[in-house]
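Number of protein chains: 2
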Amino acid sequence: MNPIRKLVICGVGLIGGSFALALRRAGMVRRIVGVGRSQHSLDRAIELGVVDEVAHSWADALDGADLVLLAPPVGQMDAVMQAMAPHLAADTVVTDAGSTKRDVIEAMYRHLGPNLAHVVPSHPIAGAEKSGVDAAFDALYDGRKVVVTPLPENEPAAVLRVREAWEACGAVIHEMPPHDHDRVFAAVSHLPHLLAFGLVHDLAGRANAEQLFGFAASGFRDFTRIAGSHPEMWRDICIANRQALLGELDQYLAELAYLRALLLSGDGERLEQHFSQARDARNAWAERALTEPAVPE
Amino acid sequence: MNPIRKLVICGVGLIGGSFALALRRAGMVRRIVGVGRSQHSLDRAIELGVVDEVAHSWADALDGADLVLLAPPVGQMDAVMQAMAPHLAADTVVTDAGSTKRDVIEAMYRHLGPNLAHVVPSHPIAGAEKSGVDAAFDALYDGRKVVVTPLPENEPAAVLRVREAWEACGAVIHEMPPHDHDRVFAAVSHLPHLLAFGLVHDLAGRANAEQLFGFAASGFRDFTRIAGSHPEMWRDICIANRQALLGELDQYLAELAYLRALLLSGDGERLEQHFSQARDARNAWAERALTEPAVPE
Chain A
1 MNPIRKLVIC
11 GVGLIGGSFA
21 LALRRAGMVR
31 RIVGVGRSQH
41 SLDRAIELGV
51 VDEVAHSWAD
61 ALDGADLVLL
71 APPVGQMDAV
81 MQAMAPHLAA
91 DTVVTDAGST
101 KRDVIEAMYR
111 HLGPNLAHVV
121 PSHPIAGAEK
131 SGVDAAFDAL
141 YDGRKVVVTP
151 LPENEPAAVL
161 RVREAWEACG
171 AVIHEMPPHD
181 HDRVFAAVSH
191 LPHLLAFGLV
201 HDLAGRANAE
211 QLFGFAASGF
221 RDFTRIAGSH
231 PEMWRDICIA
241 NRQALLGELD
251 QYLAELAYLR
261 ALLLSGDGER
271 LEQHFSQARD
281 ARNAWAERAL
291 TEPAVPE
Chain B
298 MNPIRKLVIC
308 GVGLIGGSFA
318 LALRRAGMVR
328 RIVGVGRSQH
338 SLDRAIELGV
348 VDEVAHSWAD
358 ALDGADLVLL
368 APPVGQMDAV
378 MQAMAPHLAA
388 DTVVTDAGST
398 KRDVIEAMYR
408 HLGPNLAHVV
418 PSHPIAGAEK
428 SGVDAAFDAL
438 YDGRKVVVTP
448 LPENEPAAVL
458 RVREAWEACG
468 AVIHEMPPHD
478 HDRVFAAVSH
488 LPHLLAFGLV
498 HDLAGRANAE
508 QLFGFAASGF
518 RDFTRIAGSH
528 PEMWRDICIA
538 NRQALLGELD
548 QYLAELAYLR
558 ALLLSGDGER
568 LEQHFSQARD
578 ARNAWAERAL
588 TEPAVPE
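If you're matching them up, the sequences are chains A and B in order. Following the numbering used here, the numbering of the first sequence begins with 1 at its first residue and continues without gaps. Following the numbering used here, the numbering of the second sequence begins with 298 at its first residue and continues without gaps.
Read the hints as simulated data drawn from the structure, not as lab findings. Since we're looking at a predicted model, the values are computed, not measured.
Example chain A residues on the side facing chain B (calculated, C-beta under 7 Å, incomplete):
#1 VAL200
#2 GLY268
#3 ALA281
#4 ASN283
Over 12 Å on every C-beta distance to chain B, these chain A residues come out as not near it, computed from the model:
#5 GLY27
#6 ARG37
#7 ALA90
#8 TYR109
#9 ALA135
#10 PRO156
#11 ALA157
#12 LEU160
Derived EDC-like pairs (lysine to aspartate or glutamate); straight-line CA-CA distance at most 16 Å:
#13 A:LYS6 - A:ASP60
#14 B:LYS442 - B:GLU461
#15 A:LYS145 - B:GLU507
#16 A:LYS145 - A:GLU175
#17 B:LYS442 - A:GLU210
#18 B:LYS303 - B:ASP349
Even glycine gets a Cβ: it sits at the ideal position worked out from N, Cα and C.
Whole structure, please, built from the sequences with the hints as guidance.
Okay, here's the thing in structure tokens:
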């Protein structure tokens with residue numbers, strides 16, 4: 001991989017900051033420029049040595065930029081792309097780190113149309129309990145998966161550049177179409193969060209909520225752990241990915257309709273078959289997953 | 298509390314065996330008799346000192362019995378009550394340890410009609426990873442809740458006897474009508490298991506199941522942990538408690554319909570309110586629950 005001469009990080013938090021540190025650790029980048037809305041965070045990023053300098057305009061940031069990582073807060077992505085568009089050179093490669101792709105890609109089409117050959121969406125499956133530039137560290141992506149979802153317009157060289165950058169961070173690349181990405185994460189991440197929030201909200205609204213929670217034990221604890229997640233972040237994810245999420249929810253509602261019918265007819269045999277299949281699949285997955293520490297969501 | 302002269306345990310496993318050991322620890326029982334279908338388990342119970350003797354017929358078991366705990370496998374409860382009925386004396390107090398009440402109570406009405414004054418259903422919220430008489434220990438019920446669900450026919454003295462016995466084991470008693478019990482546990486225990494089995498079964502049946510499970514992370518792990526549970530046990534519980542479970546499932550489906558509508562209309566504000574309420578309720582519960590180790594289900 002050719003080193004990156006000038007890397008631009010928009011949103012120097014846990015994700016963007018760790019990307020910068022990891023590439024520096026790999027000796028793959030000469031100059032790192034931070035850009036964003038929070039002067040305080042950017043000053044801290046300089047202090048911590050996460051970036052070399054801060055740009056105060058997109059014109060300055062993008063001048064001579066080789067690779068740009070967009071990792072701002074979810075709600076700012078559209079404004080970011082709109083602001084950077086006039087200054088984006090034809091040969092600069094752009095990627096992002098968003099947990100949803102459809103909405104980010106729609107913004108890419110909306111604002112970065114002329115540059116689509118070099119705009120390659122991605123989603124690093126990485127996280128930590130804490131956020132912000134103080135939490136950034138160079139090993140965040142070690143052994144982690146990064147999903148790259150190339151656009152039809154992407155030039156192979158640009159896709160390769162983005163893959164190489166994430167690999168230099170220690171990650172393992174998985175390529176798939178954006179639509180597949182959104183359905184996969186709707187199924188295994190977004191829907192479970194929705195379901196857990198739903199159960200807790202349902203029970204919390206009951207007249208006998210205190211009694212109910214009083215008898216909740218370890219199963220409830222595990223099932224609802226993710227209902228302790230950040231409401232704003234999950235609102236953003238669910239709204240951004242709502243099309244895929246609705247598709248997954250509807251599949252799941254069909255599954256519940258089936259279970260409902262089995263209960264209604266007292267069909268213990270089919271219920272046991274269903275539970276057995278689920279138990280076997282879950283245990284098989286849990287065994288494989290032991291070799292790979294689960295990423296906090 | 299007057300000591301129990303003759304205690305009969307039907308089903309000397311984790312639950313029945315620990316009840317025996319706890320009462321012995323409390324000095325509250327003179328003679329413990331085990332009865333059941335598995336001669337091997339009963340021999341082991343004698344070996345371990347969990348019971349003093351084994352009865353080979355209900356006539357022998359119930360002769361002069363003061364208190365009887367019914368803790369056989371769920372599927373055997375009906376047969377047990379049918380077999381014991383002819384030999385049950387008017388003043389013997391009977392209780393059980395079943396996780397569901399409606400079905401057990403229906404069996405009580407069906408077989409123990411003349412004795413209902415002294416037949417007091419209960420449900421100890423206690424468990425451990427292992428089962429069987431080798432797993433039994435005298436502290437299983439320490440600090441645990443036991444739900445006692447008296448029948449309208451119960452004599453207060455019989456209810457008191459059952460309460461005192463569980464309290465002597467170290468438990469904290471909660472009394473409530475059987476219908477309430479079944480709805481509470483459907484909501485906080487049975488439904489979450491059904492929902493977790495449902496999601497895993499749904500995804501495991503997909504053509505891209507391997508890909509899906511490949512991207513499942515910590516949220517999925519927590520949400521689906523209870524899908525690793527015993528399919529036969531949970532089939533029995535769900536079938537036994539299906540009336541209450543259907544009621545809870547329908548409430549939950551209404552909750553999901555609401556969330557579905559919010560997603561469809563892209564109502565981020567209401568979604569965030571919903572998630573916030575859930576998050577606050579979950580966190581408040583988790584803090585209170587820290588003072589009380591969660592019982593494995």
